[in-house]
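Novice: Residue strings, one per chain:
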Amino acid sequence: MSHGPAKGIGRWLFTTNHKDIGTLYLWFSFSMFFIGGFFALVIRAELFEPGLQIVEPEFFNQMTTLHGLIMVFGAVMPAFVGLANWMIPIMIGAPDMALPRMNNWSFWILPFAFAILLSTLFMEGGGPNFGWTFYAPLSTTYAPPSVTFFIFAIHIMGASSIMGAINIIATILNMRAPGMTLMKMPLFVWTWLITAYLLIAVMPVLAAVVTMMLMDIHFGTSFFDAAGGGDPVLFQHVFWFFGHPEVYIMILPAFGIISAIIPTFARKPLFGYASMVYATASIALLSFIVWAHHMFTVGIPLVGELFFMYATMLIAVPTGVKVFNWVTTMFRGSLTFETPMLFAVAFVILFTIGGFSGLMLAIAPADFQYHDTYFVVAHFHYVLVPGAIFSITAGVYYWLPKWTGHMYNELMGKTHFWLAFIGLNLTFFPMHFVGLAGMPRRIPDYALQFADFNMISSCGAFLFGAAQVVFLFNVVRTIFSKSKASAEVWEKPTGLEWQLPSPAPYHTFTKPPVIQ
Amino acid sequence: MDTRTKILLLKINTSVVASFVFAFFVLPPLYDVFCDITGLNGKTAGRYTVEDDRFNQIEDARNIHVQFIANNNESMPWIFKPRDFQVETIVGKSKTVFYFAQNPTLNDMVGQAIPSISPAEAARYFHKTECFCFNNQPLIAGESADLALQFIVDPDLPKHIKTITLSYTMFDITPEKRTQLTYNSN
Amino acid sequence: MLHIGPNNPAKAFHAFYLGIAVSTLCFTQNAFSSSLNMTEGVTSVSKEIYSLHMNIFWWCVAIGVVVFGVMFYTMIAHRKEHGAKASNFHESTFLEVLWTLIPFVILIAMAVPATSSLVKIYDTEEADIDILITGYQWKWKYEYLGEDLSFFSNLSTPNNEIYNRLEKNPNYLLEVDNPLVIPTGKKVRFLLTSNDVIHSWWIPDFAVKKDAIPGFINEAWTIVDAPGIFRGQCAELCGKNHGFMPIVVEVKPENEFNQWLSEQKAVAAKLEELNSTTFTFEDLVTRGEQVYLNNCAACHQANGKGVPGAFPSIAGSKIATGALSDHLNIVIFGSQKNPAMQAFGAQLSEADLAAVITYQRNAFGNNMGDSVQPKEILAFKQNNK
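Residue numbers (my numbering), protein chains in the order written: chain A, 209 to 724; chain B, -18 to 167; chain C, 220 to 604.
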């Protein structure tokens, strides 16, 4: 059984090896990250100063829509699935994923989905221009003709996510090495197990809502059309019933990565392992009963507003537990700040700031002022960029020596970190101010009082973009580097992955490891 | 593939299908029921049948203002307006009002009026016993009509509500009517 | 190990957050400056929301100071390079219960005032004035219910400012042709709906933001005590010109409001009358010149020659000297090819449309000699929608 990889392109097309597929996912996500980032820079360039300079409003809306869709479905989710593919079998002492052929399939339909999505930009009437939340009727009756392709692309992405989730659940539940009990699993495995269940629960809802759109557009139904007895607000309920768990899908695996990195560089075990597991599970459960906090201004009865406000506020409790546990893990440790740790520490701080603005947004009356302003944009970028993106970056630096067998360049890693950290804060911190001052989101041009902060944001965005080029360069350089990484890489890290040599052999744990 | 994995796959696939079926086939009707019960979105229920002497003895005969609004949805060229903007009525008593509609174009058209009530909380206490919105409205070129609405405000209406606004949005459903002859409205 | 820049990451973090702290301080110092913080607004509801916002903000700052304080302390004190030895504790039921309960208590402290504000906002007491607000792609329509008065409110910022050909005025993108006018001290109820997609009507100073949904009706209310002009924008993505449909509300003392109302009704009645009048050719041209100067000259210029490369000339143009129906089409429904040429059909009255089209066909050296009447405009609109 223990042969090496096949030669040539066939290795990648037909591979069923979890490490190959993990690598494919990660490179795919990296390229989508650059495309989505390029769209973000188009947006920021247009918003550099008041007036219309670079793009027309119609195209601007396509940029905001595609930036959101690509970052969510193309960059963040595949990156987490890539990390899951690489690390979960190793972390639980399994030889591979449970369903290797489906694994291949679930990756290879993704490039098609995004090729379709991106090709809409060149279609008559342009690409999707209704925001990544695609509210009806703007996305149905008033959509450009390319919306059908958008729906098709979403269906494929959903199918890919569901297959990925099935595989992860089957792997975690059935493939653990003897002695690897559930409560011994690394938190990354735990958070991914819970995430996979969330995916199973809500991706079909996304599929359903785009199917309803398709029916309304082409088959004369009236799910979202008041004229036929439907209701545009139904769209928002169904969408956010998917959408809120979806935002946790993009953050729970991040919790797992951070929970692996902080103990390593604090040289101290994770504080409160069990409460971390329970907190993750409660966040996942709560995510199903808070969806209408995205809709406080659509006109929900008082009782409904109160319910969703209270439920949303409750999320702060388990999230707080996590942050307190990470800080306590660092407390009285023996800290060093290599690149993965820098990203992890920044994650904890900035994610907490995003959590604060989330708590503010949960307060329904205050949300009447915040809703659909740049304050919301600042909030979700503070949880997604330092949350999802920083945790993925931290994970890449942390495990890259294990994957490639080479050590990355620490100086370049730190340069990347500081550029990204400063760029990120310059970009998104001022958005709090313009949002509070009244700037609506998704506008290509703005009133003069917002000009200064927008200019700062735009400069920050380009700095952040430049930082990622450093990242790409560092990763490529590491792959071709000659500096050998040791099997442990870091100082006494815990986890089965560090018992393997670096680079990890093509086939690992064909005989289950012994778990103490 | 071992049996354990097969059973697990079966379970997961069933839940994927169940989740889709739930979202596609159950959520929308469930939402409608929910709207009917709570008046969410100001949606009103269909035709109301007065049960025997339900409204015969009213202890607290309050006056309620009922306002009427008419909107045309995009591209609906009809003239559509309430005969009276506001009427005063007593809870539990039946009242009839009229909307005026005229098709000023040179084509025969079909319209469908969609009701909505504000405050939404009042929706479940506003009973329509007769309404032009139960059917669609065909008007030939140039034709005009008085459209009747008969309603009762439920005596159980929360005391703090003193004004109810009923809005009708008139949609042009002429294209649909050409292909689809039976149309189920609420 | 190599370090870049500030060679102590914790110190660099520190410096960064000192920066954030200073700006936070400025932020609270300038709490009244609307460019950094939420506006306090001018209504009791907006003031209540503002204090709720500041209240939660300070709670967050307090929690942040504690959490980040501990974190920075440990990042400085427990560094390996300074000889810190790692301890091995990794559990404490007491601590974990404690930091589950404390946030819970804080949340209750936040929820209480939030609930009372929300109840207040949901008040359904009788209003003095009811205004129906309808969102259109991309303008607002205001209808004073029971008063027989309604009008559209469009962005009035000229395209030349948007495309950077003219200097931007202070109310850039926040100015309209016809503002909504309401009286002071009266409870005004807004009923909201939409004609096409979902819009959202928002005036920060009133803390009123409500979605306008096609086919359904929503409501919100406000009482403004002092006169003034208040500006807001559409707050729900509604298509191409979502960023170009501002809201302006002018609050006037009651007597001035009543005077304004009767004037507007008189103007509307006169307009109605004009729309059914048959004009002489001379009257149309005279009226048309005025309409042209107010609505068309900004782009096509007062001499009708346009701006080469940007705005086409009307003098001798194919449309103004071609078939009347093409001319009606482009003025009423806008240009398919050039988005700068808007549809004027809903913005101008039939009388004004008839006048300006007649004028264009018979001015700047164009000499078509034909004319069009308001009634014909109406018929054209109805048959070509």
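Hints were generated in silico from the structure; no laboratory data involved.
A portion of the hints provided could be inaccurate.
[Unchecked claim] Using 20 Å as the maximum straight-line C-alpha spacing, the simulated SDA-like pairs for lysine to any residue come out as follows: (1) K299(C) / E696(A); (2) K387(C) / M663(A); (3) K489(C) / K387(C).
[Claimed, not checked] Residues from chain B shown here face chain C by an in silico Cβ test under 10 Å; the list is partial: (4) N54; (5) T77; (6) T146; (7) T150.
[What the hints assert, rightly or not] If you want the footprint, here are the derived chain A segments under chain B, 3+ residues with CB under 8 Å: (8) 406 to 415; (9) 423 to 434; (10) 445 to 453; (11) 588 to 596.
In this text the structure is predicted, and so the values were computed from the model without any measurement.
By construction, the Cβ of each residue, glycine as well, lies at the ideal position given by its N, Cα and C atoms.
Novice: Please name the hints from earlier in the document that this structure breaks, with their numbers sorted from lowest to highest.
Specialist: Result: hints 3, 5, 11 break, sorted rising.
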